[in-house]
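Peer 1: The lines below spell out each chain.
Number of protein chains: 2
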Amino acid sequence: MEFITGPKKKDVRTLKELTSPEYLGKTVTAEGAVHSIRDMGKVAFIGLRSRCGLLQMVWLEDETEFPLELLREGAFIRVTGTLEPEERAPRRIELHLKTAEILSAPEGPLPLPVSKWKMSASLEARLDRRPISLRNIRERAVFKIQEGIVKGFRDFLHSQGFTEIHSPKIGAKGAEGGSNLFRLDYFHHPAVLAQSPQFYKQMMVGVFDKVYEVGPVFRAEKHNTKRHLNEYTSMDFEMGFIEGFEEIMEMETAMIQYVFKLLKDEYQEECRILEIQIPNAETIPAVRFDEAKKLVSETYGRPIRSPYDLEPEEEQLIGRYFQETYGADFVFVTHYPSKKRPFYAMDDPQDPRYTLSFDLLFDGMEITTGGQRIHDYKMLMEKLKARGMSEEGMEEYLETFRCGMPPHGGLGIGLERFTAKLAGKDNVREACLFPRDLSRLTP
Amino acid sequence: MEFITGPKKKDVRTLKELTSPEYLGKTVTAEGAVHSIRDMGKVAFIGLRSRCGLLQMVWLEDETEFPLELLREGAFIRVTGTLEPEERAPRRIELHLKTAEILSAPEGPLPLPVSKWKMSASLEARLDRRPISLRNIRERAVFKIQEGIVKGFRDFLHSQGFTEIHSPKIGAKGAEGGSNLFRLDYFHHPAVLAQSPQFYKQMMVGVFDKVYEVGPVFRAEKHNTKRHLNEYTSMDFEMGFIEGFEEIMEMETAMIQYVFKLLKDEYQEECRILEIQIPNAETIPAVRFDEAKKLVSETYGRPIRSPYDLEPEEEQLIGRYFQETYGADFVFVTHYPSKKRPFYAMDDPQDPRYTLSFDLLFDGMEITTGGQRIHDYKMLMEKLKARGMSEEGMEEYLETFRCGMPPHGGLGIGLERFTAKLAGKDNVREACLFPRDLSRLTP
Numbered sequence: 002m003e004f005i006t007g008p009k010k011k012d013v014r015t016l017k018e019l020t021s022p023e024y025l026g027k028t029v030t031a032e033g034a035v036h037s038i039r040d041m042g043k044v045a046f047i048g049l050r051s052r053c054g055l056l057q058m059v060w061l062e063d064e065t066e067f068p069l070e071l072l073r074e075g076a077f078i079r080v081t082g083t084l085e086p087e088e089r090a091p092r093r094i095e096l097h098l099k100t101a102e103i104l105s106a107p108e109g110p111l112p113l114p115v116s117k118w119k120m121s122a123s124l125e126a127r128l129d130r131r132p133i134s135l136r137n138i139r140e141r142a143v144f145k146i147q148e149g150i151v152k153g154f155r156d157f158l159h160s161q162g163f164t165e166i167h168s169p170k171i172g173a174k175g176a177e178g179g180s181n182l183f184r185l186d187y188f189h190h191p192a193v194l195a196q197s198p199q200f201y202k203q204m205m206v207g208v209f210d211k212v213y214e215v216g217p218v219f220r221a222e223k224h225n226t227k228r229h230l231n232e233y234t235s236m237d238f239e240m241g242f243i244e245g246f247e248e249i250m251e252m253e254t255a256m257i258q259y260v261f262k263l264l265k266d267e268y269q270e271e272c273r274i275l276e277i278q279i280p281n282a283e284t285i286p287a288v289r290f291d292e293a294k295k296l297v298s299e300t301y302g303r304p305i306r307s308p309y310d311l312e313p314e315e316e317q318l319i320g321r322y323f324q325e326t327y328g329a330d331f332v333f334v335t336h337y338p339s340k341k342r343p344f345y346a347m348d349d350p351q352d353p354r355y356t357l358s359f360d361l362l363f364d365g366m367e368i369t370t371g372g373q374r375i376h377d378y379k380m381l382m383e384k385l386k387a388r389g390m391s392e393e394g395m396e397e398y399l400e401t402f403r404c405g406m407p408p409h410g411g412l413g414i415g416l417e418r419f420t421a422k423l424a425g426k427d428n429v430r431e432a433c434l435f436p437r438d439l440s441r442l443t444p
Numbered sequence: 002m003e004f005i006t007g008p009k010k011k012d013v014r015t016l017k018e019l020t021s022p023e024y025l026g027k028t029v030t031a032e033g034a035v036h037s038i039r040d041m042g043k044v045a046f047i048g049l050r051s052r053c054g055l056l057q058m059v060w061l062e063d064e065t066e067f068p069l070e071l072l073r074e075g076a077f078i079r080v081t082g083t084l085e086p087e088e089r090a091p092r093r094i095e096l097h098l099k100t101a102e103i104l105s106a107p108e109g110p111l112p113l114p115v116s117k118w119k120m121s122a123s124l125e126a127r128l129d130r131r132p133i134s135l136r137n138i139r140e141r142a143v144f145k146i147q148e149g150i151v152k153g154f155r156d157f158l159h160s161q162g163f164t165e166i167h168s169p170k171i172g173a174k175g176a177e178g179g180s181n182l183f184r185l186d187y188f189h190h191p192a193v194l195a196q197s198p199q200f201y202k203q204m205m206v207g208v209f210d211k212v213y214e215v216g217p218v219f220r221a222e223k224h225n226t227k228r229h230l231n232e233y234t235s236m237d238f239e240m241g242f243i244e245g246f247e248e249i250m251e252m253e254t255a256m257i258q259y260v261f262k263l264l265k266d267e268y269q270e271e272c273r274i275l276e277i278q279i280p281n282a283e284t285i286p287a288v289r290f291d292e293a294k295k296l297v298s299e300t301y302g303r304p305i306r307s308p309y310d311l312e313p314e315e316e317q318l319i320g321r322y323f324q325e326t327y328g329a330d331f332v333f334v335t336h337y338p339s340k341k342r343p344f345y346a347m348d349d350p351q352d353p354r355y356t357l358s359f360d361l362l363f364d365g366m367e368i369t370t371g372g373q374r375i376h377d378y379k380m381l382m383e384k385l386k387a388r389g390m391s392e393e394g395m396e397e398y399l400e401t402f403r404c405g406m407p408p409h410g411g412l413g414i415g416l417e418r419f420t421a422k423l424a425g426k427d428n429v430r431e432a433c434l435f436p437r438d439l440s441r442l443t444p
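These protein sequence lines map, in sequence, to chains C and A.
Numbering (my numbering) for the first sequence: 2 to 444.
Numbering (my numbering) for the second sequence: 2 to 444.
By construction, these hints were calculated from the structure, which means they are not laboratory data.
Worth double-checking, as some hints may not be accurate.
Intra- or inter-copy, both count: the list cannot distinguish identical chains.
With a Cα cut of at most 16 Å, we get these calculated EDC-like pairs of lysine to aspartate or glutamate [to be verified]:
(1) K384 <-> D349
(2) K9 <-> E244
(3) K426 <-> E251
(4) K386 <-> E396
(5) K43 <-> E3
(6) K10 <-> E244
(7) K9 <-> E283
(8) K227 <-> D364
(9) K10 <-> E247
(10) K223 <-> D186
(11) K379 <-> E283
(12) K10 <-> E248
(13) K145 <-> E276
(14) K9 <-> E251
(15) K295 <-> E251
(16) K9 <-> E222
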């Protein structure tokens, strides 16, 4: 019989630990992957890649106890050596190698030049070999930034009294209907994959007052653009007892400020690698949909073609306008036309052709859709009726409103879009570990 | 043009704020749902339910400025009143009501007696009306405990240098094959829902060294038991550079200790409501699979029927044995037979009929399956061959090992099972917000 009490102290030092002065001059053990080898004859410089970054190691003909040939790019190794100060090394330290143990050696050369600063490979090639291409330092950094965004989102909302929920992804009917649903057979019953946690997060406002969820959503849209994925990670929140839909925008603004502070504090290294300038989110302008359309049309001489929708190019121009005029990287566009919003959107009592809703544009791309929802049962039923919609499949949703619901609203943020924009990536696929699109279902 | 800078200070106090002495004797505003009304004639006691719990409010014929009839069970309200000390009230405070504003009133009585301490309704009835039944204080508390478990899992692993990942849920082939896959049409290509993030988390160990994910998994198993869900939330981690599979158990043990401390510190109220005694996880015994079977067979006189598997009753008896003998609520059962583990499980070099793997039993139920994986490409290919398996659909997984992978292992924890056991719930459906089983696809 054994008894497990917790981790034993290991004799292996992380790169982060090694940057502390206490290890200088000492013999230490480190582990990671051989990222690069620069052979200079009697001396060789080896980059050891670990989750913390790259450690410069030196193989010295006279000191190191193993032949350089033992090491190969891509091999996972455990090494010992003496840690020495070295001003020219990236972390100002280098490890003078003594011994090495090969934990796992690759069978032949890697299919991509992962040790290059910028891999000269097409997006397709990098996505086809994602588990390998992510071993590149810059490719990988995008997903540390993504981790920071999600962590900031959760930590901030937790601090504001939100409860985390886990809503089901298989259901009998979609929250917003429509043709963009993936369908499957669920033990001989027709079922669909959730295109959003909308109904569930609303219903849970009646239980927890404020809720959030970070999870996958599925859209069977036949778009093949740089902005679309057919499966993506949605960061959703929904808050009760609001007195106006502005409160939702205020909460999002504070959340983004929190995320950016977290990235500055804890993800400096990744920001440096990706040359990210944390944008300004201290003050975010909010402009009405119809005003924004007019503004852009007048300023850039672009005729308004679709009065009820923003075309991607219009979003870009709105972004440009607010960047040029106010130095703003973010813009809230508010009061979207009612006919383009789902039935549960709250119409503006001042002018019911518009809704108390908004999108948030980041650098000219929509990353959030949100707004106040109808909480009054009768109003909800009337809206359904006015749209000629059936109650079928929404019985429990409607029943929840029949039992009373506080005024509420919320939003959904596309994690990959947010990450891509922040990391300066043009294609949302760059910010998704394993993207799913019209033609990509693997790896 | 408006500019959004963050939340404005609201004049509404939460129950948590009101328990601080500074508000005693003051006029304050609060909001929530009318949970219960006890009408005593000239006085009435009203429970105001919010995310923080129940606030006792008093309606006084001589003081309150509205008729009692204004309030109805289930209504969402905003009230003002004077906060007074009251030793007999649950939080030792009560709000003497002045004014009330009805934010939303239910259409008729609620379909379930949510204000009862224990609702006298069947599980089926409660699940059919989940958005309403969760308004019951005890039903709701289960999901605050669940939130704490997930938060503890993430925070602990983050502190240990793990990176959070988001793996795709739609794929071309399942990680472990088999018949328990939900199938769907993905733009005219056959696709399946992920039954685990197994392949992805392993591949990401080559990138981030250590990773974790909390997300939905889908099992098309035709089990209709108290232990099974067809969609559940899996908490997975995978760690590289291990020197033995014990390190995985050690990491899990420390994680559970962290979760329990978090629950004790931040979820006392929910622990009290559910009468949870936080179990002992300081030391977790680990027993070999074959020993455990023999132990239980000898101690309880139960013949060994299936030598390669643990039957649910055997798991219960193992739990009982270790509870009775060592006062242990958890037991690791190690070295499961190779033929019952997936091809990627690392066989024990001492005896390849068994694997370097484990299950964790909590109170006699399996809540975790984990173990060391094969990291050597040749060994992996040989195992595939020996099992007569095809490489089809695993090309990128295998390619990752061909490029080198550190020794690694990990585990998956069923969140609902963990929550149910901790909350003393017999049926795993009690610990899933919206369970999906053979006959349940709604709400």
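Peer 1: Now tell me, hint by hint, if it's right for this structure.
Peer 2: Verification of the hints:
1. K384 <-> D349: Answer is within: at 13 Å inside a copy they meet the 16 Å cutoff, but 64 Å across does not.
2. K9 <-> E244: Close across copies (11 Å), not inside one copy (53 Å); limit 16 Å.
3. K426 <-> E251: This pair counts as neither: shortest intra-copy Cα distance 27 Å, inter-copy 39 Å.
4. K386 <-> E396: The answer is within: 14 Å in one copy meets 16 Å, while 52 Å across copies does not.
5. K43 <-> E3: Neither: 49 Å inside a copy, 66 Å across copies.
6. K10 <-> E244: between (53 Å within a copy, 12 Å between copies)
7. K9 <-> E283: between (45 Å within a copy, 14 Å between copies)
8. K227 <-> D364: within (15 Å within a copy, 50 Å between copies)
9. K10 <-> E247: For K10 and E247, the Cα distance is within 16 Å only across copies (13 Å; inside one copy 51 Å).
10. K223 <-> D186: The answer is between: 14 Å across copies meets 16 Å, while 21 Å in one copy does not.
11. K379 <-> E283: neither (39 Å within a copy, 55 Å between copies)
12. K10 <-> E248: between (48 Å within a copy, 11 Å between copies)
13. K145 <-> E276: Classified as within: same-chain Cα gap 14 Å, cross-chain 40 Å, threshold 16 Å.
14. K9 <-> E251: between (46 Å within a copy, 8 Å between copies)
15. K295 <-> E251: neither (25 Å within a copy, 62 Å between copies)
16. K9 <-> E222: Neither, since 50 Å and 38 Å both go past 16 Å.
In this structure, the earlier hints numbered 3, 5, 11, 15, 16 are contradicted, and the remaining ones agree with it.
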